[in-house]
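J.: Given next are the chains, with one letter for each unit.
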Amino acid sequence: MSIEVRQLSKTFNDFQAVKKVSLKLETGSLTALLGPSGSGKSTLLRMIAGLETPDSGEIHLTGREATYVSAKERNVGFVFQHYALFKHMTVFENIAFGLRVRKQGEKEIKDRVFELLNLIQLQGLEKRYPNQLSGGQRQRVAVARALAPRPEVLLLDEPFGALDAKVREELREWILKLHDETNVTTLFVTHDQQEAMEVASRILIMNQGIIEQDGTPIQIFDRPATHFIAQFVGETNFIDTEVSEKGLAVWGPFRFGVTPFFTVGQKIRIYFRPNDVYVTGQFETLQVKAKIVKTRFKGTTIEYKLDVGEGRIISAHLPKGVALASGFTEGSDVYAAITAFHVFPL
Amino acid sequence: MSQETIIISSKGKNSSLEPIVSLTEPGWVKFILIGISLLFLGLFLVVPLVEVFASALEKGIGFYFDAIRDPLALSALKLTLLTAFFCVVFNLIFGLASAWAITRFEFPGKNLLITLIDLPFTVSPVVAGLIFVLLFGLQGLMGHWLRDHNIQIIFAVPGIVLATIFVTFPFISRELIPLMQEQGSEEEQAAMVLGASSWQIFWRVTLPNIQWGLLYGVILCNARAMGEFGAVSVVSGHIRGLTNTLPLHVEILYNEYNFTAAFAVASLLTFLALVTLVAKAVVGARYSQEREVLPISHESERVS
Numbered sequence: 001m002s003i004e005v006r007q008l009s010k011t012f013n014d015f016q017a018v019k020k021v022s023l024k025l026e027t028g029s030l031t032a033l034l035g036p037s038g039s040g041k042s043t044l045l046r047m048i049a050g051l052e053t054p055d056s057g058e059i060h061l062t063g064r065e066a067t068y069v070s071a072k073e074r075n076v077g078f079v080f081q082h083y084a085l086f087k088h089m090t091v092f093e094n095i096a097f098g099l100r101v102r103k104q105g106e107k108e109i110k111d112r113v114f115e116l117l118n119l120i121q122l123q124g125l126e127k128r129y130p131n132q133l134s135g136g137q138r139q140r141v142a143v144a145r146a147l148a149p150r151p152e153v154l155l156l157d158e159p160f161g162a163l164d165a166k167v168r169e170e171l172r173e174w175i176l177k178l179h180d181e182t183n184v185t186t187l188f189v190t191h192d193q194q195e196a197m198e199v200a201s202r203i204l205i206m207n208q209g210i211i212e213q214d215g216t217p218i219q220i221f222d223r224p225a226t227h228f229i230a231q232f233v234g235e236t237n238f239i240d241t242e243v244s245e246k247g248l249a250v251w252g253p254f255r256f257g258v259t260p261f262f263t264v265g266q267k268i269r270i271y272f273r274p275n276d277v278y279v280t281g282q283f284e285t286l287q288v289k290a291k292i293v294k295t296r297f298k299g300t301t302i303e304y305k306l307d308v309g310e311g312r313i314i315s316a317h318l319p320k321g322v323a324l325a326s327g328f329t330e331g332s333d334v335y336a337a338i339t340a341f342h343v344f345p346l
Numbered sequence: 001m002s003q004e005t006i007i008i009s010s011k012g013k014n015s016s017l018e019p020i021v022s023l024t025e026p027g028w029v030k031f032i033l034i035g036i037s038l039l040f041l042g043l044f045l046v047v048p049l050v051e052v053f054a055s056a057l058e059k060g061i062g063f064y065f066d067a068i069r070d071p072l073a074l075s076a077l078k079l080t081l082l083t084a085f086f087c088v089v090f091n092l093i094f095g096l097a098s099a100w101a102i103t104r105f106e107f108p109g110k111n112l113l114i115t116l117i118d119l120p121f122t123v124s125p126v127v128a129g130l131i132f133v134l135l136f137g138l139q140g141l142m143g144h145w146l147r148d149h150n151i152q153i154i155f156a157v158p159g160i161v162l163a164t165i166f167v168t169f170p171f172i173s174r175e176l177i178p179l180m181q182e183q184g185s186e187e188e189q190a191a192m193v194l195g196a197s198s199w200q201i202f203w204r205v206t207l208p209n210i211q212w213g214l215l216y217g218v219i220l221c222n223a224r225a226m227g228e229f230g231a232v233s234v235v236s237g238h239i240r241g242l243t244n245t246l247p248l249h250v251e252i253l254y255n256e257y258n259f260t261a262a263f264a265v266a267s268l269l270t271f272l273a274l275v276t277l278v279a280k281a282v283v284g285a286r287y288s289q290e291r292e293v294l295p296i297s298h299e300s301e302r303v304s
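If you read the sequences in order, they're chains A and B.
FYI, the numbering for the first sequence is 1 to 346, going by the numbering used here.
FYI, the numbering for the second sequence is 1 to 304, going by the numbering used here.
One chain only, chain B, in its complex shape (with noise of 0.2 Å):
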């Protein structure tokens, strides 16, 4: 029996076993569709990653090293890293605060708080870049304040940070909020009667509950965080070996000509973004099961 045969018997009207309906379409539609899917994942996504590391190996293994162990593509890998790690950290503490406050509280503007959040993915990476500098740059509304007090932002790392944790704020609070308000507050409330304090049933209660969701979080930020160019691009200005990140310090290679470094580079982020990728993998496959809603059994079990 081929799998996409489902035989039936109906034993209604026709009750001669006439069998053999298939009820999912025709082979050949199944073949078309994967092969649309297949076909178009491999041109854009495959064919790309290995371009990137074909391309990255073109002048050999020794040429690719050195172009990653260049001080400078160092000094952006280092960048990237504090980056990615500062805007997880702030993230983290404004995603689970924002979800808590939205998901066990009442309040006025609410519901202008929920679509807040949801601005960075609406605005376009470039102007938040650009809010920053108007904020912060010389010209700016703060700018004579912060080079009376030799204070630099702009063009700075605080800059690069400040625009990356913009870009990526939405990711662990969007996360959270649905999660926590499907499980709603009934487990804390059985803490606090229980005797827990706050930060026990934060601890014992609450964080097990949605440690998934929230691990979840923190690796699409962490890789929104790595891989961000277009605000970064604009706050940076591109300080070789103090402002650049690792996708700037590819733009430059590459603008420079200089294909191969710019694509060792690449490589690297493309490597650490498989790697994000494995995690999302992992921690999503936990994530849904843990989601999974098992269905109450009502089997009847004697009470003697």
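Only chain A is shown next, with the shape it has when bound in the complex (with noise of 0.2 Å):
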């Protein structure tokens, strides 16, 4: 167990921060920690660290207690959004700096900085300055630079959230592969979930400071724990409506089975996937009458807007080939059927 955290809290002010949070990350793990802005999880990030003192509870780093050890004793490494390299220090020294504070010599510092100058890509680039590469080369440069001193756990924050799309896509593959030849436990915090299932093997969601979801990005996506998650993740539809009978809650023509433990009457949300709409022009089986009100072309998928009757209106994805084929157009009358749904008491 590379990093445990028990019963972690924060306030800030008046403001909780981090509340009674608890993990524990494998060695040898690659795990994000996501959620929005506000959520906590740069505070619980910077406190696993040392450079936030928490208020309460307990930190360990491979087996031994760290709470109250300081960041310098720690042996992390640390990636900051916003790099942080050392603006004066050539791209040599940046890489060198955790390894001349620990009085190495010389000989071992420059094979270990040309090691990681092979790993990270950046050979040749040494004798540059911070202000002369790129964003994407300063977050390689400062990932090499955590990694020099060779931490237990390496600890990213965004780190590649002040980045263009494209960067940020090549660097995601780019941390998969190192986390694949270094093996060193890490923790990356995003607000991007496309990020997060890219990379990481395990998510952790983040929501007012506590942890809400805990799992692989399948089970994040397809079974989410919270109504904050069902939102959050993915794009979704989500209707609220109530018990009917036991075990069976209606919306407009659709029938939904819900678990016999919800009361009659009882007010519940569903939520349901754009892409677990299922549209045919001709009727099939548990299918309800729609009619495209509007179709909006996104990329490799195409959405409409499903008007179900009575002014109720669902979003439904198809993928384009198939929505291509099939010729629907606004005002064509369609078949839907909604294949799989999460229900929430409200």
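Hints are computed from structural coordinates only; laboratory data are not their basis.
Beta carbons are placed, not taken as given, at the ideal position from N, Cα and C, and that holds for glycine.
Hints are all accurate, no fakes.
Okay, the calculated beta carbon distance ranges per label pair:
(1) His60/A / Trp199/B: 26 to 34 Å
(2) Trp199/B / Asn183/A: 29 to 37 Å
(3) Gly184/B / Ser244/A: 55 to 63 Å
Using 25 Å as the maximum straight-line C-alpha spacing, the simulated SDA-like pairs for lysine to any residue come out as follows:
(4) Lys87/A / Arg286/B
(5) Lys87/A / Phe202/B
(6) Lys127/A / Arg204/B
(7) Lys72/A / Leu96/B
(8) Lys87/A / Thr206/B
(9) Lys110/A / Trp203/B
(10) Lys87/A / Trp100/B
(11) Lys87/A / Leu96/B
(12) Lys87/A / Gln181/B
(13) Lys87/A / Glu182/B
(14) Lys87/A / Tyr287/B
(15) Lys127/A / Glu115/A
(16) Lys110/B / Phe12/A
(17) Lys103/A / Pro208/B
(18) Lys107/A / Ser197/B
(19) Lys72/A / Gln183/B
Both chains are given apart, each in its own frame, so use the hints to dock them into the complex.
T.: If you want it as structure tokens, here you go:
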């Protein structure tokens, strides 16, 4: 177990940023801490690094209690969103910094820096200054600098947040590859769910200071644990209705089987993803009549706004090929069924 | 094409290339503005400067050097340099400490401290001198105690140094506070996580980042310390050869109708000022270069 956090809390003035959070990260794992801004994810990360002091709780790093150990002694690597490279040092000196302050020999330092330059594929740029590098290059140097002293854990705070979409995508792939090569326990904070799903094998979703769900990307996407996660991860439709009889809720023409534990009359919210709406031109069993009121091109899918009667509008996504072959346009009469949904009490 | 004319080819409504739109002021406005600036500069800066050196050399180069080599003038020069040195050292420490405290920590009374640092800018130097007389003079708060312990502050070198420190203490911290605020503490945090001690962080990360701003502040502080008249005049006692700084020495010579000698010593002070000015220009250029925010290039680069 590389990182273990128990009942960690932190309050800024009156704002409770982190509320009794506990988590365990296996050695060598790659985990994303996902959440909207203000959810406490950066604060949690900074407490693990020793850059913030928790009000209560414990932090254990590789089995040692580290709650009140100073950041300097924790042997963690930390990567900042805005790189925080030393402006007045070359790339070489930036990467060498953690080794120099540990008073390592010149030869060892040189070998390690060039090894890392290879790893980040910036060979030949060691004499450049940070302001002579692009954003993506700077962030790779920042990662190399953090890895140089061979930290037990690597923490990244929104590492790609300041970069444009194309570079972000490349760096996601790169960080995955880097993790495969170095196998250092990695925890990275992001507000970008796509990034979290693509990179991490495990995602912790934070909201309002607590971890709301902890699971694989598939679990997070297909089995959201809370209202918040159902809304936050991926696109979704939601409708509010009530349980009309034991085990059944009705919304317009749709009938939803719900758990019999809900009492009749209980208010519920039903979430379903646009790509879980099955749309055809011909009636198939269990479908309801709908009319396409709006279409929107979204790249690999096409979105239809469906009117299912009485002004009830839902959104459906079809793969582009299927959509184009079917010839649906605005005004087409179609049939729709909801194939997967999640129900939460209100 | 003249410099102030920019040619615009509009491809919009007027597809016919009907160009030549002057976007700047007409030439005469520019010349009048430059003329006024130069006139004032000449009248208020260059003419007096030339006058200082001309008057100083009025009675020949021999007299000029005699006036400068005069033991009283030399002792005034020595005292001025000594005072400036102590001021710079003290203000370096105070400036760094206060800027660090203000930009890195939250504490009660922080805004009051920021306001107080500006106090010497708003208080007349004469008042500043009087404060020290009232504190350390014979009739002052600590006068008896000081006399009993045989410590002389007012009408002695310590008084001069104290008064000058009071007048100059905003210079370095005022220079550093905005600079350190702008830079934030992320680099220092990065250094800390990398295992650096506070001492290593200061020498390897903080100081290199603020060195030009710091030097700039030192130069301004030094210039003011060497030229200070009002506050020093009140606490000095004008004892020739002992508590006379260069500005005070100039005044004494002048009041004795010894104009040429006064100007000769003044030229010395002016020379120090000119050296400072050059140093300031050089450091200032480096400083603004360092502070220049370089755009982060976002060009996509391949990661193979």
